[in-house]
Each structure stands twice: as C-alpha cells, then as structure tokens.
Amino acid sequence: MARQYVTANINGEEIDFLCDPSQTLLDVLRDELQLTGTKEGCGTGDCGACSVTLDGVLVCSCLVLGAEAEGKTVETIEGMADGDELHPLQRKFIDHIALQCGICTPGLLVASRSLLEHNPNPSETEVRYWLAGNLCRCTGYQNIVTAVIDAAKEMRGN
Amino acid sequence: MEQLRYEAPDTLEAAVALLSGESGVTRILAGGTDVLVQLHLDVIDTPLIVDIKKITELREIVKDGGAYWIGAAATGMELMNHPDFGADWPGVLDGVQLIGSIQIRGRATVGGNICNGSPAADSTPAMIAAGAVATIAGPNGRRDIPVEDICVGPGQTSLAKDEILVSFALPARPANSGDAYLRFTPRTEMDIAVVGVGVNLTLDGSGICTSARVSLGAVAATPLLVTEAADALIGTKIDAAALDNLAAAASAAAKPIDDKRGTKEYRIKVAGVLARRAATIALDRARQG
Numbered sequence: 063m064a065r066q067y068v069t070a071n072i073n074g075e076e077i078d079f080l081c082d083p084s085q086t087l088l089d090v091l092r093d094e095l096q097l098t099g100t101k102e103g104c105g106t107g108d109c110g111a112c113s114v115t116l117d118g119v120l121v122c123s124c125l126v127l128g129a130e131a132e133g134k135t136v137e138t139i140e141g142m143a144d145g146d147e148l149h150p151l152q153r154k155f156i157d158h159i160a161l162q163c164g165i166c167t168p169g170l171l172v173a174s175r176s177l178l179e180h181n182p183n184p185s186e187t188e189v190r191y192w193l194a195g196n197l198c199r200c201t202g203y204q205n206i207v208t209a210v211i212d213a214a215k216e217m218r219g220n
Numbered sequence: 012m013e014q015l016r017y018e019a020p021d022t023l024e025a026a027v028a029l030l031s032g033e034s035g036v037t038r039i040l041a042g043g044t045d046v047l048v049q050l051h052l053d054v055i056d057t058p059l060i061v062d063i064k065k066i067t068e069l070r071e072i073v074k075d076g077g078a079y080w081i082g083a084a085a086t087g088m089e090l091m092n093h094p095d096f097g098a099d100w101p102g103v104l105d106g107v108q109l110i111g112s113i114q115i116r117g118r119a120t121v122g123g124n125i126c127n128g129s130p131a132a133d134s135t136p137a138m139i140a141a142g143a144v145a146t147i148a149g150p151n152g153r154r155d156i157p158v159e160d161i162c163v164g165p166g167q168t169s170l171a172k173d174e175i176l177v178s179f180a181l182p183a184r185p186a187n188s189g190d191a192y193l194r195f196t197p198r199t200e201m202d203i204a205v206v207g208v209g210v211n212l213t214l215d216g217s218g219i220c221t222s223a224r225v226s227l228g229a230v231a232a233t234p235l236l237v238t239e240a241a242d243a244l245i246g247t248k249i250d251a252a253a254l255d256n257l258a259a260a261a262s263a264a265a266k267p268i269d270d271k272r273g274t275k276e277y278r279i280k281v282a283g284v285l286a287r288r289a290a291t292i293a294l295d296r297a298r299q300g
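Protein chains in written order, with this note's numbering: chain A, 63 to 220; chain B, 12 to 300.
Quick caveat, the hints were computed from the structure, so don't treat them as lab data. Errors might be hidden in some of the hints.
As the list claims (entries may be wrong) - Just the calculated beta-carbon pair ranges, DEER-fashion:
1. Gly202(A) <-> His51(B): 54 to 62 Å
2. Arg218(A) <-> Asp56(B): 46 to 54 Å
3. Cys104(A) <-> Glu276(B): 45 to 53 Å
4. Ile268(B) <-> Pro182(A): 42 to 50 Å
5. Asp56(B) <-> Cys104(A): 32 to 40 Å
6. Thr67(B) <-> Pro182(A): 29 to 37 Å
7. Asn151(B) <-> Pro182(A): 50 to 58 Å
8. Thr199(B) <-> Glu147(A): 46 to 54 Å
9. Glu216(A) <-> Ala98(B): 33 to 41 Å
10. Glu216(A) <-> Gly246(B): 57 to 65 Å
11. Glu216(A) <-> Asp53(B): 43 to 51 Å
These figures come from a predicted structure and were not determined experimentally. All C-beta atoms, glycine included, are put in the ideal place defined by N, C-alpha and C.
So that you can see chain A by itself, here it is in the shape it has in the complex (with noise of 0.2 Å):
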C-alpha cells in the first residue's frame, strides 16, 4: 500500500506528512520530521520517554501509529520553551539537577507539564503517581519531583 498522506497540527504548526502504515507517531517524529527530542527508550509503552500530549491527551507517542495523527494536535517538547525562554519545568529541571544522562528528560518534562495542566497544585504523592509512568535509571526521582513542585510553585506565582 502507498504511503500515508498525514495533516497534524505539530507544536502550533500545520504539518503534512507521508509515513508508512506501520509507522509509530515516534517513527514520524524522529525519521520523517526530524524532530528528536522525543526519545524512544522500550518501544511498548513502559518507560515514558517517548511521550507526547495528542489532542492535549498525554500518550507514549511509540504506541500511536503516525496515520493516527490525522487532523491532531500533537504537542513535543520542541514546543515547550517559548524562543530562548526555557519552560518554569524546564528552569526547574536544570536547578534542581534532576536528570543526569538526560534521555527521560523530554518525557519527563512533557508528562510533568501534563500534570500541571490537570493539577496546579500536586501533593509528592500525585506528582510521583503522575510520572509512575516515566522510567529515570539515574536520578533516583527525589530532584525531579522537587524540580515539578518548585515549578508548579512558581507557576501559581507565589
């Protein structure tokens, strides 16, 4: 079968793309518009790194199909720093040291933004069950769920 014609609206940006039925909306992402930010980590929905919001829905971006993406909002990290302006999360991030090889990092920051959106105001125990979806090997979690609440902090400007 021919390749798929695909209409996305991609970080604020109307897109079209070809992609093979078989693709992953990562596949699309990383090998056909070149945005790699968004990492693959398992390829079966366990680790998180690959998420993405899909119609303001958090999703692991390895478990939807790019043909999917028809007439969808898909939103990466390459759309969340605002020009050189880095995302509160991201500022965050970066004080708190909350990552160290850094390939959760995007995930991380697009599932914590997820959480903000839904909840301003996160208890430790809903930020750690927010992310329970995103795998990090080397931070052991505590700065990163520090990093979220300073964040959603600064965020509710107080």
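Model the placement of chain B on the given structure of chain A, informed by the hints.
Then chain B, alone, in the frame of chain A:
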C-alpha cells in the same frame, strides 16, 4: 513482514466489511496499547489494522436513568473523567485506574483490555462482577453476551474474526449496592496482577446481602465468575463467618499457574485474602449508597 494496511472507517458496517474481506490475520485498533506492542515485537504479522475510533457509537459513554452504555473504544481516562461513573461504579473504576500509567490510560480502553484476552486484565474482573453485558456486531447483525463469555483463553476471545465489540451495558443499580476491585502486585503502579478480585453486592434494608457477584483474575486461563464465592455472601450480613466462607470459596476456585509473578500456592492463598478485603470495601460502599 507483509505490507500493512491502515483503515479508519467511520461506520461499524464498514469496519465489519473490512474485517470480513481480509483473509489474513487482522487486528482491531482501539487504544493500541497492546496491538502496537505486538507489532513492535513482531508477535503478529498482519496485513490489516482497522482503527475503530472514528465510529461515534464506540466512543460514547451514555448514562440513561441509572444504566450505562460504555463504547468499546472509550478510554480509561474518559471513564475516570466522567462526572458520575466513579460514584456509580467505584469498583469498575478501581480496575480501570490500575491499568498501566497515565500515558496508557489516555489511550487504553476497557473494550481492548477485555478483548486482549489477558487473564490478568485489571478491568475484567470488575466488569464481570458488575454484570456487564457486551454488544457485539458482525456481518449478521448484533448479539449480546455476558462479559465473562468474551475471554476463552490467554489471548483468545469468543468473537469471530469479523466481529467487533461495540459497547458494554451496565444495569441500573438498586439502592445499597457497592463494588470493589483489588489486585495484588509487588509495586503500586505499572505492574501486572498476581491476583485480582472484583466483588459487587447489594444489601436489603436490614443489611442482608440479597445479591452478589465475585470474579477472580490472574488465577486461571481466563478471568473467572465464581458463583460459589457469591453464594457465601448472599443471605448473610457479610459477617466474619460469611467472609471466611467467601475466602475459602475464592481460594478453592483459583486454578493458577506458577510463574515469575507468583507461585500456585501463593496465588491460591492470596485469592482468598483479596476476596475478603474487596468484599469488605464493597460492603462499606453499599452501606454508604
């Protein structure tokens, strides 16, 4: 691997026709959280994937009076965000909330959880205990079956190749009803049930249990409806003796295997312990409702 074809029809009839017309192995795509893993790991080689998410009826969650119709492609997150569902069927929501992560629940569906055919699926025992009835569409029209008749073995369902699960019906609940689902896992999140138990019960005005359904997951080749366990509760005030009988019946019904998540002996024991705990939660909820 064969070249894959992706189709996303917007009617059920078109979806059934696509499945009927394909001679090879097919896959229905709802949330994709199992199907795409199978594709990624080369477990399946399919020439056709039919995405059912553009079929409106399959996406809806409808409350009519006290009854619910849940489209087979409604996501776990949509059920969690529904204004009434969690209060009306807290035990079903217990199961849904345990499926994977936030990312997984944003895509995964109860329909897919059941049709994937895992004996350890978290939403299945709660749906069986709830008495859910599944509507299935095929080339010859629609038929209704109890949800416990869908899974017939690990990864196997009773649906024909060109049949599609449309929706689940949950009945209106009498007053003083409660349900609960508990699973045992070493971790609280991102894990697969060692044992799962769903309990649904109704009390009369004097606190006597007038009806009950009990279902076990991960202790046999399919999720089980255990009438002996329900019978241990019916006609009692769900006192200590009734809970002992419930636990014994649940353990007796468990026919598990040994695997990396638990031994046979351990699972048999835990089935009884969890049944008792789930019944206690369901009882508290029934007294409040």
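Results of checking the hints against the structure:
no. : hint                                : result
1   : Gly202(A) <-> His51(B): 54 to 62 Å  : violated (29 Å)
2   : Arg218(A) <-> Asp56(B): 46 to 54 Å  : holds (51 Å)
3   : Cys104(A) <-> Glu276(B): 45 to 53 Å : violated (32 Å)
4   : Ile268(B) <-> Pro182(A): 42 to 50 Å : holds (46 Å)
5   : Asp56(B) <-> Cys104(A): 32 to 40 Å  : violated (21 Å)
6   : Thr67(B) <-> Pro182(A): 29 to 37 Å  : holds (33 Å)
7   : Asn151(B) <-> Pro182(A): 50 to 58 Å : holds (52 Å)
8   : Thr199(B) <-> Glu147(A): 46 to 54 Å : violated (37 Å)
9   : Glu216(A) <-> Ala98(B): 33 to 41 Å  : holds (35 Å)
10  : Glu216(A) <-> Gly246(B): 57 to 65 Å : holds (59 Å)
11  : Glu216(A) <-> Asp53(B): 43 to 51 Å  : holds (46 Å)
Hint violations for this structure: numbers 1, 3, 5, 8, all remaining hints satisfied.
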